[in-house]
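A.B. asks: Model the full structure from these sequences, guided by the hints.
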Amino acid sequence: MKRRQLFLGATLALCGIATLVSAQSDETNTAPARGRYLPEYTKEGDLVLPKNWRSWVYVGSPLTPDALNNGKAGFPEYHNVYIEPGSYEIYKKTGVFPEGTIMFKELQRTLPQQNPDGSRTEPSGRGFFPGAFNGADVTVKDTKRYANTGSSWGYYNFNHHEPKAPTATLKPISECGFCHQASAKKDEVWTQFYPLLDH
Amino acid sequence: MRVIARVAWLVSLVAVVFAGMARADGKPEAVADARGNLHVPSGYPEVYEFLGTWAIAADKQVGSSQIHNVYATPGTIAAYRSSGHFPDGTVLIKEVYETSTARMTTGTVSQGTDWIYTPGYPTLK
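Residue numbers (this note's numbering), protein chains in the order written: chain A, 69 to 267; chain B, 1032 to 1156.
What the hints contain is simulated information worked out from the structure, not anything from laboratory work.
Fair warning: this is a prediction, and the values are worked out from it, not measured in the lab.
Any given hint could be a false lead.
Said to hold, decoys possible - Where chain B lies over chain A, by a calculated footprint (3+ residues, C-beta under 8 Å):
(1) 111-125
(2) 129-137
(3) 147-159
(4) 193-204
What the hints assert, rightly or not - To give an idea of the chain A side of the interface with chain B (calculated C-beta under 10 Å), a few residues:
(5) T98
(6) T178
(7) G186
(8) L264
Every residue, glycine too, gets a C-beta built ideally from N, C-alpha and C.
C.D. replies: Here it is in structure tokens:
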């Protein structure tokens, strides 16, 4: 009887921990990355919002606040860009983004402006400070899957507001890809902005 | 009572295993040597969590003059959000970039260019 109670108790405790761990990762998207995370698609072919991108390798944050762009920037915020860590390891060795590479751009608005140039003043000085998250854009490299779009990459938008959409439909190349093809330094990735990838 | 004690022991054991997995997975390097001197851990951009960024406004032109990127040891964000405290051993690293500001297809952009300064921060409690 005692043994049975112990078994039941231990099982419940394990379930509790498992729930706690998964709840945390859902909330923060920071569960540690293990192995390589490859893109997941719905049966309709839409991309599923990648998991735990906040524990991926962060490469940089270009900043285009509204106040520098006549009040209407295309992306009025920080663009925090991450690369899936397994793909990054391969890129670091080969200099080539492997099939299945995922780049995650999380958009984050700046805190409200106090000064005419859009900046505000905080204890550390006058500047642009990160505020609310504001949706995400994701690209996936797959030379076969996206071949008929004219690109090696698929471009997806998971909302330009919160919450992020759980899935996203492939964007036509005229909306995103053309600009990457025209101006991004390497394989449609803006490596010129990200020292960690610029080699 | 004995059952509760054994279950509690098992829970703590499992918790240790989970914590150990997170550490082994992230492989953060120690930042202090035996004499207490700090150094910047090599490879931190690849294993630390990105915590946030802010940009210093430029004085004489539009845009920003520097971008500061802040990283934390793996597991810090989840631990802080669940407990409200930074765990012992947490390391924060602030990278400072000089910036360039230019007109791009997405608008006027400031982005970090040259990595100029990466201080290590002491353990937070």
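A.B. asks: A separate judgement is required for each hint: does it hold in the structure or not?
C.D. replies: So, going through the hints one by one against the coordinates:
{"no.": "1", "hint": "111-125", "in the structure": "holds (count 3)"}
{"no.": "2", "hint": "129-137", "in the structure": "holds (count 6)"}
{"no.": "3", "hint": "147-159", "in the structure": "holds (count 4)"}
{"no.": "4", "hint": "193-204", "in the structure": "holds (count 6)"}
{"no.": "5", "hint": "T98", "in the structure": "5 Å, holds"}
{"no.": "6", "hint": "T178", "in the structure": "9 Å, holds"}
{"no.": "7", "hint": "G186", "in the structure": "8 Å, holds"}
{"no.": "8", "hint": "L264", "in the structure": "6 Å, holds"}
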